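Engineer: Below are the chains, spelled out letter by letter.
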Amino acid sequence: MDPISIIGRFHPVLVHLPIGIFVAAILLAALSMVEKYRFLRDSTRIILGIGLITAVLSMVSGYVLSLEGSNSEADVEIHQWTAIGMTLIYAAYFFFSPLITNHKYPNLIALLILLGSLVLTGHQGGSLTHGENFLWSMGTENDKKTTLPVIADIQKADIYRDIVGHTLQTKCVECHGANKQKGKLRLDDPTWIDKGGKNGAVLVKGDAENSELIKRLLLDESDDHHMPPKEKEQLTTAEKSILSWWIRTGAKYTATVESLAPDENILKELENFKSNLTRPEVKNIERPVVTAADALLIQSLKKIGWVISPIAVNDNHLRATGFNLTVDIDSALTLLGGVADQLIELKLNKSGINDSSIYRIEKFQSLEKLWLENNSISDIGINSINKLKHLQYLNLSNTQITTTGLKKIISLGQLRSIYVSRTEIRPEDAKQMMALLKNVKIFTSDSLPKLPTDSLLVKKEK
Amino acid sequence: MEKIVKEARQKTLSFQTRRHFLQDCKTGMGMMALGSILDGCNFFAPQTDAETSSNPLDVKAPQFQGKAKSVIFLHMAGAPSQLELFDYKPELTKLDGQDCPDSFIQGKKFAFIRGVPKLLGPQANFKQHGQSGLWLSDNLPHFSQVIDDVTILKAVNTDQFNHAPAQLLMHCGTPRLGRPSMGSWVTYGLGSENSNLPGFVVLTSGGRNPDAGKSIWGSGFLPSVYQGVQCRSEGDPVLFLKDPNGFDRDMRKASIETINKVNELTYQQYQDPEIMSRISQYEMAFKMQVAVPDVMTIADEPAYIHEMYGTEPGQESFANNLLLARKLVEKGVRFVQLFDWGWDSHGTDPGTALDLGFINKCYKMDKAISAFLLDLKQRGLLEETLVVWGGEFGRTPMQENRDGKQNTFKGRDHHADAFSMWMAGGGIKGGFSHGETDPIGYNAIDGKVSVYDIQATILHQLGFDHEKLTYSFQGRSFRLTDVFGKKIDPIIA
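In order, the protein sequences belong to chains A and B.
At the far end of the first sequence sits residue 462, using this note's numbering, and the numbering has no gaps.
At the far end of the second sequence sits residue 955, using this note's numbering, and the numbering has no gaps.
Simulated from the structure, these hints should not be mistaken for lab results.
On a predicted model such as this, the values are computed, not experimentally measured, just so you know.
A couple of the hints might just be wrong.
Stated by the list, open to error - For lysine to aspartate or glutamate, the following EDC-like pairs were computed, each having C-alpha atoms within a straight-line distance of at most 20 Å:
#  : chain 1 : residue 1 : chain 2 : residue 2
1  : B       : K949      : A       : D223
2  : B       : K930      : A       : E68
3  : A       : K240      : A       : E286
4  : A       : K198      : A       : D188
5  : A       : K252      : A       : E231
6  : B       : K556      : B       : D900
7  : A       : K389      : A       : E286
8  : A       : K230      : B       : D951
9  : A       : K230      : B       : D621
10 : A       : K450      : B       : E774
11 : A       : K408      : A       : E428
12 : A       : K460      : B       : D811
13 : A       : K350      : B       : E763
14 : B       : K676      : B       : E696
15 : A       : K195      : A       : D223
16 : B       : K948      : A       : E233
17 : B       : K529      : B       : D915
18 : B       : K949      : A       : E231
19 : B       : K723      : B       : E745
20 : B       : K522      : A       : D294
21 : A       : K303      : B       : D520
22 : A       : K268      : B       : D610
23 : A       : K407      : A       : D355
24 : A       : K252      : A       : D223
25 : A       : K450      : B       : E769
26 : A       : K369      : B       : E845
27 : B       : K522      : A       : D315
28 : A       : K232      : B       : D951
29 : A       : K240      : A       : D223
30 : B       : K948      : A       : E424
31 : B       : K580      : B       : D558
To be verified - Chain B regions said to be covered by chain A (calculated; three or more residues, Cβ under 8 Å):
#  : region
32 : 656-662
33 : 835-842
Idealized CB from N, CA, C, for every residue including glycine.
Construct the entire structure; sequences and hints are all you get.
Structural biologist: Structure below.
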């Protein structure tokens, strides 16, 4: 990060100075209206002056911060101008206060204006950092997590309720809904959608190409008018073509897919849309935030051969690999226990871990991926794995696990893939088990069929 | 030990001549003053993981959590014909033998085509395969079994139509020499998960080496510790792994430790990153003496594996290299680069004829690659390993007419505007096709992606924004994708 932008990062701290100091100044000014505390008048001005200096400082840092542009520009601009306005008001009071402090009511009104502008600016800043809903609603998290529509048969699905509405809800309503109405547009309800935004209607029913909604979607992502803004989640190709098709067929709010006579291409897109709905979302796993592991401990782990590093910059979760451990697996795992809270990926491929030492992995409760292939682990060792509730990936290739052991862990909450190739478990057993489970995939040994082309050489005909 | 250190000190002193002293006086004093003034400013200097850790190959955290941890890049040097493998063009069959329309060749430059060439229909039959129903030619009979794990990119585009510059562009992000290769960038960014093996390994299948030479796995201006280590695919993978007679391992260890101590002293004096490279390479060589014989041999693989891949231990072949690549990735090697050769199907001889030699090449590759993908998948490696396949460009829908005369065999010229590549694993969609070419496969009409886009996507899967994985050199920040590239979102699962 360059030195300039560090100044920007100080904005959230600096702003508290003018707020605090101005509040103090207002309170003192109010108090000094009482005869007994008249002597406070001069100090009020000094405090106001100090507040003004800190206000200017926070405005400068705020401007630098705005250059980073992580918030929506319009909101930041409004905040910028209110802050400037507020500072001017305080400056005016600073210069002209001797003229009005003797008049009770004008002075009180002036103080109220001062307080009001302070609250307004502060609130805007707060909304920018913590999000619009932070102050008022703790429970509106549900707004975002719309329930997935259940579509059994795509032909019978309701085009708006199940499909188009869902797309708008997940990709548009965050900024064009009840909480925000950017461009005065709301897309969370048929009446609002038909009404359009400040540039007029967004839909031309029956004509997708001339509908503002579609035009904006199809603009190049780098274009300023492209929607959704490039930092937000984009619509999938299927969603885009379904949306265009919906408008072409008249943008009906109550109609089944069937009644709109979808052609082959659209049907394919609809199927894509459906499969995206049902596919388990692995992308945004919510992990609890953890503190960084002790640096000294990491050093000593590295010394005994653990290759260990955070899974990403700015993320304290760890991935550890034990390819070249210099101590026995028992002591290696004991020492690794110190980072149990952070450890989410652990590679113990051919590490010599066995049924008698595997219980040591039980304390790694955050593990999401575990590699245990090429070790002598049998069904007895499985009991320890069964305690890892967050496990998603488990590799047991080339171990002594059997179907009995596999059945024990198969229903572990988060599991998505289990590898049991080169074990006793046969592909048909795995298939049987997979039929009973929803999202788990079991990989067994597989091989290529023999084909005549394997040894065939094409030669020149003479 | 002390003697050697003393000797090293003396040696450096002897380099310091009167001229050096006078020269230093001129700038040195001013710099010293400036240095003390500016000292505190270093606080703002960007501190990256790459600079803070002492061993340049230590594992490092990516910018964000990437799906892929390793990459295996299968480069078919010479550029295989997309029209006989992945890009099904039934229209072209109908136009077979007709003169190429003027609009296609006007203002275009070709490597060998002169005058008006004739269109050449696909020299293979196509069928749909897998649940995804993707089209594959019958030159790839086994590949249908893994097609649902693969994303085919049908409209890749490059701007180079000669082998060497096109290969450089594919691997180093520029058609000119001097930039680091993709594998170097990746090991620079992520380090290696196995301290006993190199982070970036290169294997060639014998025959011809790639036209662009070793620069396509070079480290350019990055410290040379990140360059690709080419292992021999025949005989000893690495030469001189055994200690000489009468020299035991303890003695080897002691001598390397001493050399490294001297080097460290020199590093403290000159701060040249190349010295760190040298130190870690000595250490690596010492560790590789133990690790390499174990990993770099396919002789201990069971018979069914050999049968599946079509490998023969001791031979120099692409299939053997694929098996080695799997073993290396299994052991935590970050980037494995395979080069196959003989894909330059001009049709000047039977070996480069699309209906003869090309088919034989396809059959061999098909079995080995399909076995390889299947093997990666069943071992649970495919989830974290990104496999990329492709040539440096594609081939024309026209039959080559070298110097204006029709070639004796059926062949195609180099074509840069549209060709096919595929990617599998490492968080890439399976059974998916992206991009489309016109009815004769000449131009991209939809989903066109550039070589830079492919590079950006590879880096993204590993957890890097390609615009932010940079290295400062000669006063500016360089990156793999130069000033281009955009990750290909539709193919990311």
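Engineer: Run the structure past the numbered hints and jot down the numbers of the failing ones, going up.
Structural biologist: 3, 5, 9, 15, 24 and 30
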